[in-house]
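Student: Listed below are the residues making up each chain.
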Amino acid sequence: MCLAIPGQVKNIFEADGIRMGRVNFGGIVKDVCLAYLPDITVGDYTIVHVGFAISRVDEEAAHRTLESFRELGLLDEEFGVESYEAATQQEDEAGNEVPR
Amino acid sequence: MKYLDEFRDSELARSLLAEIREMTTRPWALMEVCGGQTHSIIRNGLDQLLPEKIELIHGPGCPVCVTPLALIDQALAIASRENVIFCSFGDMLRVPGSEKDLFRVKSEGGDVRVVYSPLDAVQLARQNPGREVVFFGIGFETTAPANAMAVKLAKQLGLKNFSMLVSHVLVPPAIAAIMTSPGNRVQAFLAAGHVCSVMGYWQYPPVAERYRVPIVITGFEPLDLLDGIRRTVAQLEAGKHFVENAYERAVTEVGNVAAQRVLAEVFEETDRAWRGIGVIPLSGWRLRPEYRAFDAAHRFDVSGIRTEESRDCHAGEVLQGRMKPNECPSFGTKCTPRKPLGATMVSSEGACAAYYNYGRFVALAATR
Ligand code: SF4
Numbered sequence: 061m062c063l064a065i066p067g068q069v070k071n072i073f074e075a076d077g078i079r080m081g082r083v084n085f086g087g088i089v090k091d092v093c094l095a096y097l098p099d100i101t102v103g104d105y106t107i108v109h110v111g112f113a114i115s116r117v118d119e120e121a122a123h124r125t126l127e128s129f130r131e132l133g134l135l136d137e138e139f140g141v142e143s144y145e146a147a148t149q150q151e152d153e154a155g156n157e158v159p160r
Numbered sequence: 002m003k004y005l006d007e008f009r010d011s012e013l014a015r016s017l018l019a020e021i022r023e024m025t026t027r028p029w030a031l032m033e034v035c036g037g038q039t040h041s042i043i044r045n046g047l048d049q050l051l052p053e054k055i056e057l058i059h060g061p062g063c064p065v066c067v068t069p070l071a072l073i074d075q076a077l078a079i080a081s082r083e084n085v086i087f088c089s090f091g092d093m094l095r096v097p098g099s100e101k102d103l104f105r106v107k108s109e110g111g112d113v114r115v116v117y118s119p120l121d122a123v124q125l126a127r128q129n130p131g132r133e134v135v136f137f138g139i140g141f142e143t144t145a146p147a148n149a150m151a152v153k154l155a156k157q158l159g160l161k162n163f164s165m166l167v168s169h170v171l172v173p174p175a176i177a178a179i180m181t182s183p184g185n186r187v188q189a190f191l192a193a194g195h196v197c198s199v200m201g202y203w204q205y206p207p208v209a210e211r212y213r214v215p216i217v218i219t220g221f222e223p224l225d226l227l228d229g230i231r232r233t234v235a236q237l238e239a240g241k242h243f244v245e246n247a248y249e250r251a252v253t254e255v256g257n258v259a260a261q262r263v264l265a266e267v268f269e270e271t272d273r274a275w276r277g278i279g280v281i282p283l284s285g286w287r288l289r290p291e292y293r294a295f296d297a298a299h300r301f302d303v304s305g306i307r308t309e310e311s312r313d314c315h316a317g318e319v320l321q322g323r324m325k326p327n328e329c330p331s332f333g334t335k336c337t338p339r340k341p342l343g344a345t346m347v348s349s350e351g352a353c354a355a356y357y358n359y360g361r362f363v364a365l366a367a368t369r
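Residue numbers (the working numbering), protein chains in the order written: chain A, 61 to 160; chain B, 2 to 369.
This is chain A alone, in the form it adopts within the complex (with noise of 0.2 angstroms):
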């Protein structure tokens, strides 16, 4: 859970008063809170924890970062339901404990 991941600002709303965006992340998109980075604007990129943007990032460390992610398997474990599925489920078919 503690990662971050790097993503690209597609557009800017509000939502309840705070400061929300559509961000990227090589693919997969996301509502993100943006109240921290006041400052950001479409098409910068920013490191995102926990739906949150923390920090900004440019665009070649951002898109580093997001392969080395990719190639690690990393993005679909941060997203929704697949880090409850990898708690859940590390059995091969035959029942045997795989570890992940």
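One or more of the hints may lead you astray.
Label-pair ranges, simulated between beta-carbon atoms [as the list claims (entries may be wrong)]: (1) A:A121 with B:G240: 29 to 35 angstroms; (2) A:A121 with B:R262: 36 to 42 angstroms; (3) B:S182 with A:G103: 44 to 50 angstroms; (4) A:H123 with B:E310: 42 to 48 angstroms; (5) A:G103 with B:T26: 46 to 52 angstroms; (6) A:E74 with B:R213: 44 to 50 angstroms; (7) B:R132 with A:D118: 41 to 47 angstroms; (8) A:E74 with B:R323: 48 to 54 angstroms.
Within a straight-line C-alpha distance of at most 20 angstroms, the following computed SDA-like cross-link-like pairs (lysine to any residue) qualify [as the list claims (entries may be wrong)]: (9) B:K54 with B:A30; (10) B:K156 with A:E74; (11) B:K153 with A:T101.
Hint data in this document are derived by calculation from the structure and do not stem from the laboratory.
All residues carry an ideal CB built from backbone N, CA and C; glycine is no exception.
Chain A is already provided as a structure; the job is to place chain B with the ligand on it using the hints.
Tutor: Here is chain B with the ligand on its own, set in the frame of chain A:
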């Protein structure tokens, strides 16, 4: 795995390793504070690529691992209640309490839900006005701004059915506790990059000065880690001890000021018990009195819970760097990620789980 091979072959990795090898004249023990770093180190086999003289001690920076047992038991008690929707990050589900875990509570009919962001829990509270929605607010400084915003929003929205069970922990007091613990072997710290993205690193120079210990802010990717290690060893070899930022692309000295402002508004410092370590003074955050109505520990009566830690688990020694996971007698036998005895075997950021998942079954000392 393509990425791993690429990394091992990478020109940069090789030259960083060569540089580290060249400058290392004595044995040094470095602690990486963050569990995400531990995970990356073991996954990429960095500990095995480094010169033998460099030992990496895995630190307590895994929030899932250090959340005290008493709090897990409180969470289990609250989650078992009739009218409660209990929301948590996925990693907490398998953390063993005294008798069971959240996953068990769920299978017994408890409404336990995994959310991606604490704001999702606030939305759930809105959609279910007749039910109590409780969020398990754990984490280090990286996660705290998200949890703070969720509580702030719940207050603004006037939600009466949202609360948070808070157990936030802080890195600088943990570093101080490690440096003053009897028998400490840690000589330098790789500080956690994303904690510093939020908090900056202005808090660290007094710590480096006081304990005469190098602190290098380090990222999570293998090259980041090698660079952090290289700078740390250079300081140690030169007899220096200062704070250095090896993760400039995501960390500034002041950190995220907007986040720090909300943190100060919602949380205040408090003593915290760390699982396996004990109480560290002023090492955590709790909700300020103005937010007491949103404090789940206050709203639900969770007193009188008796906790019992597994006697076979040595997570405390692992978390303080006195024992490597595969030196624990239960490792891989009585204790696996599927049937964890301790929290360090649960989360992918826990040292025991990292060792298990990447096949470190033999103690390094025995192979050397
Ligand atoms: S291997 Fe299991 S029992 Fe041993 S210290 Fe780690 S979590 Fe505890």
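Student: For each hint, tell me whether it holds in the structure or not.
Tutor: Hints versus structure:
1. A:A121 with B:G240: 29 to 35 angstroms: 33 angstroms, holds
2. A:A121 with B:R262: 36 to 42 angstroms: 26 angstroms, violated
3. B:S182 with A:G103: 44 to 50 angstroms: Check passed, 48 angstroms falls within 44 to 50 angstroms.
4. A:H123 with B:E310: 42 to 48 angstroms: 44 angstroms, holds
5. A:G103 with B:T26: 46 to 52 angstroms: 48 angstroms, holds
6. A:E74 with B:R213: 44 to 50 angstroms: 49 angstroms, holds
7. B:R132 with A:D118: 41 to 47 angstroms: With Cβ atoms ~44 angstroms apart, the hint holds.
8. A:E74 with B:R323: 48 to 54 angstroms: 50 angstroms, holds
9. B:K54 with B:A30: 8 angstroms, holds
10. B:K156 with A:E74: Roughly 18 angstroms separates the two Cα atoms, so the pair holds.
11. B:K153 with A:T101: 24 angstroms, violated
Checked against the numbered hints above, the structure violates hints 2 and 11; every other hint is satisfied.
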